[in-house]
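Number of protein chains: 2
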Amino acid sequence: MKATGIVVEHNPFHNGHFYHIKESRNKTAADIIIAVMSGNFLQRGEPALVDKWSRSEMALKAGVDIVIELPYVFATAQASDFARGSIALLEAIGCDAFCFGSEEGTIEPFTNTYEAITTQQQTYQNLIKQYMKLGLSYPKALNEAFAEITKDSNLHLVDLSKPNNILGYHYVEAAYQMNACMKPFTIQRIVANFHDDVDESQSIASATGIRKAIFEEGSIGELAKFMPKTSLDHLLTWKDSVGVFGSWPQFWPLLRFTIIRSSLKELASYAEVTEGIEHLIYDAATKSETFEEFMTRVKSKRYTWTRIQRMLTHIYTGFTWEALKSHQNPTYLRVLGMTNDGQSYLNQKKKSLSLPLVSRVAATKDSLLDLDIRATDLYQLGLQSSKIERPIGLDYRKTPIII
Amino acid sequence: MKATGIVVEHNPFHNGHFYHIKESRNKTAADIIIAVMSGNFLQRGEPALVDKWSRSEMALKAGVDIVIELPYVFATAQASDFARGSIALLEAIGCDAFCFGSEEGTIEPFTNTYEAITTQQQTYQNLIKQYMKLGLSYPKALNEAFAEITKDSNLHLVDLSKPNNILGYHYVEAAYQMNACMKPFTIQRIVANFHDDVDESQSIASATGIRKAIFEEGSIGELAKFMPKTSLDHLLTWKDSVGVFGSWPQFWPLLRFTIIRSSLKELASYAEVTEGIEHLIYDAATKSETFEEFMTRVKSKRYTWTRIQRMLTHIYTGFTWEALKSHQNPTYLRVLGMTNDGQSYLNQKKKSLSLPLVSRVAATKDSLLDLDIRATDLYQLGLQSSKIERPIGLDYRKTPIII
Numbered sequence: 001m002k003a004t005g006i007v008v009e010h011n012p013f014h015n016g017h018f019y020h021i022k023e024s025r026n027k028t029a030a031d032i033i034i035a036v037m038s039g040n041f042l043q044r045g046e047p048a049l050v051d052k053w054s055r056s057e058m059a060l061k062a063g064v065d066i067v068i069e070l071p072y073v074f075a076t077a078q079a080s081d082f083a084r085g086s087i088a089l090l091e092a093i094g095c096d097a098f099c100f101g102s103e104e105g106t107i108e109p110f111t112n113t114y115e116a117i118t119t120q121q122q123t124y125q126n127l128i129k130q131y132m133k134l135g136l137s138y139p140k141a142l143n144e145a146f147a148e149i150t151k152d153s154n155l156h157l158v159d160l161s162k163p164n165n166i167l168g169y170h171y172v173e174a175a176y177q178m179n180a181c182m183k184p185f186t187i188q189r190i191v192a193n194f195h196d197d198v199d200e201s202q203s204i205a206s207a208t209g210i211r212k213a214i215f216e217e218g219s220i221g222e223l224a225k226f227m228p229k230t231s232l233d234h235l236l237t238w239k240d241s242v243g244v245f246g247s248w249p250q251f252w253p254l255l256r257f258t259i260i261r262s263s264l265k266e267l268a269s270y271a272e273v274t275e276g277i278e279h280l281i282y283d284a285a286t287k288s289e290t291f292e293e294f295m296t297r298v299k300s301k302r303y304t305w306t307r308i309q310r311m312l313t314h315i316y317t318g319f320t321w322e323a324l325k326s327h328q329n330p331t332y333l334r335v336l337g338m339t340n341d342g343q344s345y346l347n348q349k350k351k352s353l354s355l356p357l358v359s360r361v362a363a364t365k366d367s368l369l370d371l372d373i374r375a376t377d378l379y380q381l382g383l384q385s386s387k388i389e390r391p392i393g394l395d396y397r398k399t400p401i402i403i
Numbered sequence: 001m002k003a004t005g006i007v008v009e010h011n012p013f014h015n016g017h018f019y020h021i022k023e024s025r026n027k028t029a030a031d032i033i034i035a036v037m038s039g040n041f042l043q044r045g046e047p048a049l050v051d052k053w054s055r056s057e058m059a060l061k062a063g064v065d066i067v068i069e070l071p072y073v074f075a076t077a078q079a080s081d082f083a084r085g086s087i088a089l090l091e092a093i094g095c096d097a098f099c100f101g102s103e104e105g106t107i108e109p110f111t112n113t114y115e116a117i118t119t120q121q122q123t124y125q126n127l128i129k130q131y132m133k134l135g136l137s138y139p140k141a142l143n144e145a146f147a148e149i150t151k152d153s154n155l156h157l158v159d160l161s162k163p164n165n166i167l168g169y170h171y172v173e174a175a176y177q178m179n180a181c182m183k184p185f186t187i188q189r190i191v192a193n194f195h196d197d198v199d200e201s202q203s204i205a206s207a208t209g210i211r212k213a214i215f216e217e218g219s220i221g222e223l224a225k226f227m228p229k230t231s232l233d234h235l236l237t238w239k240d241s242v243g244v245f246g247s248w249p250q251f252w253p254l255l256r257f258t259i260i261r262s263s264l265k266e267l268a269s270y271a272e273v274t275e276g277i278e279h280l281i282y283d284a285a286t287k288s289e290t291f292e293e294f295m296t297r298v299k300s301k302r303y304t305w306t307r308i309q310r311m312l313t314h315i316y317t318g319f320t321w322e323a324l325k326s327h328q329n330p331t332y333l334r335v336l337g338m339t340n341d342g343q344s345y346l347n348q349k350k351k352s353l354s355l356p357l358v359s360r361v362a363a364t365k366d367s368l369l370d371l372d373i374r375a376t377d378l379y380q381l382g383l384q385s386s387k388i389e390r391p392i393g394l395d396y397r398k399t400p401i402i403i
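Going down the list, the sequences are from chains B and Z. At position 22 of the first sequence the residue is numbered 22 (the numbering used here), and the sequence of numbers has no breaks. At position 298 of the second sequence the residue is numbered 298 (the numbering used here), and the sequence of numbers has no breaks.
Isolated chain B (complex conformation) (with noise of 0.2 Å):
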């Protein structure tokens, strides 16, 4: 059986994953799709809409047959680190191939990128170093830097520019560096934006476009032309269920909490809290009522939102510098859902894994699923929903959905 893997968040699933998965199959022949799947906090910083299994059923119900779990170490890190833990994981599942959306398109761009970078490895990271110094945020520096080596360059180079050139890049690279044997795949994503806003009249839109759908309008029903029936029957029955939607805002009274609780020492212990941003953090949280407020005040050139939002997951979880430097490549293959197709998968391939199947979580004594079992537990608790009966220790009571 072949296997292609793919890297995604689907928060929530939407059409556009749905032609991801269509097309990775088509372009590789695959007969098996298997999702690697942050959990409930993702690689922007931010606490997923709606959990883990959620949105594992979701794909589950739209054509993918395994969800492995992206441990949280990589799921919120910054992009070389998230595709790093990520190609990991499909490498160690034994797939045969990779696939991701890019605005480029095709895949030489992004090996021809590569090589560019790693010839010119020393005088890449100077630049990028030296741009960031003059006050660039990291993504504005590393495409400067980017432009500078290959300015002479007559190969066809991908545009570092673009979102998901960046990640699609790193991908790429990861899988050379670890010498993997899948062979990389991309397809042109068919969103015009990465920031659009519902648009009714197309039936592709972007995630970020969707979320914002849910939480300005308050009406999940009119995206249906949006995303799989199965999908918003699952946005729906999550809303019945839980009452609310993960996000800042939401989450906003417990990371309060949480920053005012922490001395300006903890804070900066914190993984990417760097530059004394702490003082500044602590002060915004002491005046700011909502997380709204709170971002006007803490926002600035030289952070990403994205970046800083990162910042505030650590916070929120207590994950540290500690913790991120000691976990450098993922243990395990955490499987949070599987259709009977992928399970007849990991049926013929578990003898030849190279990394540990988990299917239950208590039978594991690892210190990066520790901090997934913590993760899922802040999230529930963030949710504040008087609606769930027992949020904490969902990981040792879930089994893996079998669809």
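Incorrect hints may have been included.
Identical chains blur together in the list; that is why a pair holds if it fits in one copy or across any two.
Unchecked claim - List of simulated lysine-lysine pairs, DSSO-like, C-alpha gap at most 30 Å:
| id | residue 1 | residue 2 |
| --- | --- | --- |
| 1 | K365 | K287 |
| 2 | K299 | K287 |
| 3 | K299 | K212 |
| 4 | K212 | K387 |
| 5 | K398 | K287 |
| 6 | K133 | K299 |
| 7 | K398 | K265 |
| 8 | K265 | K325 |
| 9 | K349 | K365 |
| 10 | K299 | K365 |
| 11 | K239 | K387 |
| 12 | K387 | K299 |
| 13 | K129 | K151 |
| 14 | K133 | K265 |
Keep in mind the hints are simulated off the structure, nothing from the lab. It should be emphasised that the depicted structure is a prediction, and the values quoted were computed from it without experimental measurement.
Place chain Z on chain B using the hints.
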């Protein structure tokens, strides 16, 4: 002007406190009554029903002339440290006497007891340790040790199984140990039992009984006969403007979140958390939806309810063993409120006070004071009241109450 000090929590102010103030004034022929009062967290290890300013105002309207705050470090400490902090402040503000309520009612048994214990200090401490090793709680071990060393004494000694006698003993001990100029006095407590429920046939009820009535029956109005009208009015105003009273059940969502967010190592770093009880605390928090459930799981013969609650207070506020050890003595006199007479007294004495007077927090930099400011903020957040518009930084905004 002759001043007498009292140590109070007034949670809430009731007729027993009124009697204590009046009798202290009479017995010591005082012109001025100075109360050292706990802030928003109390010696029993719980959040106060209403904040320190409301409680100060109740006291000032019922006969106290000056209220100074007992810093968090001492207010939430075990009896001997609580007493040492309190007595040090009353001495520093120039009191001529201090007067406490006790089951005993006369002062000689306290001084006799102090002498009996100090002459056999080493034996006494060893006996306490032995009894604790046998599994007795600290108060019980102290009691047994005391019975042992005084079994052949002819002197009238104090019964240290009574809670207010224990506190009184520690006041006397603290005063002797710091060679205080103040003279000790005691008056008989007229509440029958510490944990009595409200009994409508008597006009003095214990604060514990009153709190129970407030929470269980939800009818503050019925408490009119147990407290001065001014105090009742304050409770009603608080109820109107805040909506809820401080208590662990109210603070439980944030306390539970804090416990679950903490690593076991962090839990063990908080003051009073000893002997591996962090495992039990963490485990119980994961399983308990309510504070009552949690306490049922955590309580044991080894630790008193109060001791466990003090651990929880320190976990909640992030107050560590390290912070506890680095703050041995009060470093300032923080005035929460005063009457005109109180103000005259301070004007007269201000040059001879042995600690700096703090009336504006923003003008003072002191790590002990920082802990109080944080405790206020976390108390305000714990109430989770949507009626509070600006919960944070109250210490910076409030000036001393003057009535």
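Evaluated hints:
{"no.": "1", "hint": "K365 with K287", "result": "between (41 Å within a copy, 20 Å between copies)"}
{"no.": "2", "hint": "K299 with K287", "result": "within (15 Å within a copy, 38 Å between copies)"}
{"no.": "3", "hint": "K299 with K212", "result": "within (20 Å within a copy, 47 Å between copies)"}
{"no.": "4", "hint": "K212 with K387", "result": "both (24 Å within a copy, 28 Å between copies)"}
{"no.": "5", "hint": "K398 with K287", "result": "between (40 Å within a copy, 16 Å between copies)"}
{"no.": "6", "hint": "K133 with K299", "result": "within (18 Å within a copy, 55 Å between copies)"}
{"no.": "7", "hint": "K398 with K265", "result": "between (37 Å within a copy, 27 Å between copies)"}
{"no.": "8", "hint": "K265 with K325", "result": "both (18 Å within a copy, 18 Å between copies)"}
{"no.": "9", "hint": "K349 with K365", "result": "within (23 Å within a copy, 64 Å between copies)"}
{"no.": "10", "hint": "K299 with K365", "result": "between (39 Å within a copy, 29 Å between copies)"}
{"no.": "11", "hint": "K239 with K387", "result": "both (10 Å within a copy, 27 Å between copies)"}
{"no.": "12", "hint": "K387 with K299", "result": "between (34 Å within a copy, 28 Å between copies)"}
{"no.": "13", "hint": "K129 with K151", "result": "within (19 Å within a copy, 77 Å between copies)"}
{"no.": "14", "hint": "K133 with K265", "result": "within (24 Å within a copy, 37 Å between copies)"}
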